[in-house]
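Residue strings, one per chain:
Protein chains: 2
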Amino acid sequence: MAPDRLDTTFAALADPTRRAILARLASGEASVMELAEPFAMTQPAISKHLKVLERAGLISRGRDAQRRPCRIEARPLAEADEWLEGYRQFWEDSFQRLDALLEEMKTRKKKRRHIRR
Amino acid sequence: MAPDRLDTTFAALADPTRRAILARLASGEASVMELAEPFAMTQPAISKHLKVLERAGLISRGRDAQRRPCRIEARPLAEADEWLEGYRQFWEDSFQRLDALLEEMKTRKKKRRHIRR
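Protein chains in written order, with numbering that gives the first Met the number 0: chain D, 0 to 116; chain G, 0 to 116.
Treat the hints with care, since some could be wrong.
[Stated by the list, open to error] Pair ranges (Cβ atoms, derived): (1) G:D63 x D:R62: 58 to 64 Å; (2) G:A39 x D:R96: 31 to 37 Å; (3) D:E81 x G:R74: 17 to 23 Å.
Simulated from the structure, these hints should not be mistaken for lab results. Remember, predicted model here, so these are calculated numbers, not experimental data. Using N, Cα and C, we set each Cβ at its ideal position, and we do this for glycine too.
Could you build the full structure based on these sequences and the hints that come with them?
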């Protein structure tokens, strides 16, 4: 997994329109025209975002010259996920610490109630 | 999960030095000086990267005025992972298709060998 590949993947994902385009393509191929409609964006504006996604390998374009339908490509997402997996331990640890803290607070609250009675 | 939070997280991760800083912090807290050393970068250059990571909530800085040790923060990574999880089906599907294709190619190869005999 080349580091620059992760650079372009993460940079491409750092935009809400591009993430929304991927979400739309997750339900099937779409042409630029079909993509531009729900976003209330011009086709050139959408085309710019598509170029970023295509350069990052996150989408591919069909050969049909008229429609050139866009399709989501999973590999860069899988690579980004693989990188994040290396840090899973950290959030699992911190969520466990949070759970333990909440449990401790509940126990203390119960004890206090018991004392008041 | 606010969309702009994902924007800053993915943008912060789109840089090899920043990802390397997180990898270093995964093995424990470190001061700017300790971080600058292995990267052969000046402290101001490292500080710039740390500011991006801090703004994205990916690291926090200790209160010790002298060292201000950096610590990795898991929550934005967990959120990025959660977003990617929504697409897991895509790479699992495409890897399964690849497996099926390889299996088919193997079977064809065997058949061809059989015919040659």
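Structure-based check of each hint:
Between G:D63 and D:R62 the beta carbons are some 60 Å apart, a value that agrees with the proposed interval 58 to 64 Å. With their beta carbons about 35 Å apart, G:A39 and D:R96 fall inside the hinted range of 31 to 37 Å. In this structure the supplied range 17 to 23 Å holds for D:E81 paired with G:R74, their Cβ-Cβ distance being about 20 Å.
In the structure shown, no violation is registered for any of the earlier numbered hints.
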